[in-house]
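Fit chain D to the supplied structure of chain U, relying on the hints for placement.
Residue numbers (my numbering), protein chains in the order written: chain U, 267 to 436; chain D, -5 to 141.
The reader is advised that the hints may include incorrect statements.
Calculated lysine-lysine pairs in the BS3-like style (CA-CA distance at most 27 Å, straight line) [as the list claims (entries may be wrong)]:
id, chain 1, residue 1, chain 2, residue 2
1, D, Lys22, U, Lys391
2, U, Lys293, D, Lys60
3, U, Lys272, D, Lys13
4, D, Lys60, D, Lys13
5, D, Lys45, U, Lys293
6, D, Lys33, U, Lys304
7, D, Lys33, D, Lys49
8, U, Lys391, D, Lys113
9, D, Lys54, D, Lys22
10, U, Lys293, D, Lys127
11, U, Lys391, U, Lys304
Derived CB-CB ranges, DEER-like [said to hold, decoys possible]:
id, chain 1, residue 1, chain 2, residue 2, range
12, U, Ile317, D, Leu110, 49 to 55 Å
13, D, Thr50, U, Glu398, 19 to 25 Å
14, D, Thr31, U, Pro361, 27 to 33 Å
15, D, Ser17, U, Lys327, 43 to 49 Å
Computed far set for chain U versus chain D, every beta-carbon distance over 10 Å [unchecked claim]:
id, residue
16, Ala271
17, Arg302
18, Ala330
No wet-lab data here; the hints were simulated from the structure.
All C-beta atoms, glycine included, are put in the ideal place defined by N, C-alpha and C.
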Amino acid sequence: MSFLAKIFIYPINSLILADLVERFGHKPLTMMSQIREKVTSLSLDSPPINITPEDPKIGLKYAAIEVPAGVRGRMALIGPLIEQTEAAIIVENPPTDFGCVGCNRTNELTKYLVRSKGVPVLEVKYPESDEEARDFVNKIVEFLESLPKEKPEEDEKAKEKESAEKEDKE
Amino acid sequence: MTETKKEEITKYIVISSDKVLPSDAAMKIYESEFPVTVKETCFGLIVSGAKDDVKTVVEKIRQLDKNHIFVKDRGFPPGDERRCRASRGGGPRPGFHFLREEVEMLPAIGAALDELEAKECVTEKHKTKCRLKTSALEKVIEQELAR
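Extracted from the complex, chain U is given alone in its bound form (with noise of 0.2 Å):
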């Protein structure tokens, strides 16, 4: 199944908005594709404690040694998925910010980078009426709809290695 473009959507573990995401044909950037292959990789040496020596070494590159640990450590995970973001999903006010996207400090800094990053965003607010569900929806498809529906990027780069696998044959 080929996915249209990449969105990063907070709160990154959000069933609502990786669903919606999802159903409507896109690739939704989450935590849990991460921690997946953090707690289900073999190079680990000691799989419960799932933080190797080169995590921090990528955090440091979204936030200073002098911020917390686990900013640095939440950073390792959440960056190399802004690097990724085509488009972004951003929702003000979730319920709760419980387990992994608990710490506020790095919310901050997450929100300002897919912003910072020149990508198209959406903001909304979480629902709390039906009304407010609606919309939220209406949204949301709004948005997915409207995001290109070809990579012509893509496509040449296919169309190049087309063409040189058929010079290599001649």
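Chain D alone, transformed into the frame defined by chain U:
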């Protein structure tokens, strides 16, 4: 004898439907005979297995009531000791609180999706009415004259 291991993924299927129960969805998966692990929970199912199998199974389950069944990825496999509450002394597992908050919102989101789908159907019908081809019009006239 080295066999490359297929990528294993885990997905949550959250059911907020009046028509489908988690047990119905679980039975449907057992009937499909796909080699996946299914765990029934209070909010739906956790399905784990090879990537292609899980995707196919999830899509089948979603079609049971597509606007009221929601799907998301899960990082940890089901029953993982680092997350499973059986080995952590009880209490909700980390990550459940946010899911519970979102599950409360799902009926409204499902209703909004229903409404959106209904609207699309209406606009599609209007479009077909507007785009009446001349050949189709000719047929209608011929049928009327033939009476």
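Satisfaction of the hinted span 19 to 25 Å by the C-beta atoms belonging to D/Thr50 and U/Glu398 | 35 Å, violated
Verify the proposed pairing of D/Lys54 with D/Lys22, using a straight-line Cα cut of 27 Å.
-> Within the cut-off at roughly 9 Å; holds.
Compare the distance between the alpha carbons of U/Lys272 and D/Lys13 with 27 Å, and conclude whether the hinted pair is satisfied.
-> 33 Å, violated
Pair hint D/Lys33 and D/Lys49, alpha-carbon separation not exceeding 27 Å = 16 Å, holds
Assertion that U/Ala271 lies farther than 10 Å from chain D (Cβ) | Holds, since 17 Å exceeds 10 Å.
Do the alpha carbons of U/Lys293 and D/Lys60 lie within 27 Å of each other, as the hint requires?
-> 18 Å, holds
Taking only the CA atoms, is the gap from U/Lys293 to D/Lys127 under or equal to 27 Å?
-> 39 Å, violated
Keeping to a limit of 27 Å between CA atoms, is the pair of D/Lys22 and U/Lys391 held or broken?
-> Violated - the C-alpha atoms of U/Lys391 and D/Lys22 are around 36 Å apart, more than 27 Å.
Satisfaction of hint between U/Lys304 and D/Lys33, Cα-Cα up to 27 Å | 22 Å, holds
U/Lys391 and U/Lys304: Cα distance at most 27 Å?
-> Violated, because 31 Å separates the two Cα atoms, which is more than 27 Å.
If you check the beta carbons of D/Ser17 and U/Lys327, does the distance land in 43 to 49 Å?
-> 47 Å, holds
Pair hint D/Lys45 and U/Lys293, alpha-carbon separation not exceeding 27 Å = Cα-Cα ~15 Å, so holds.
Violated hints for the displayed structure, listed by number in ascending order: 1, 3, 10, 11, 12, 13, 17.
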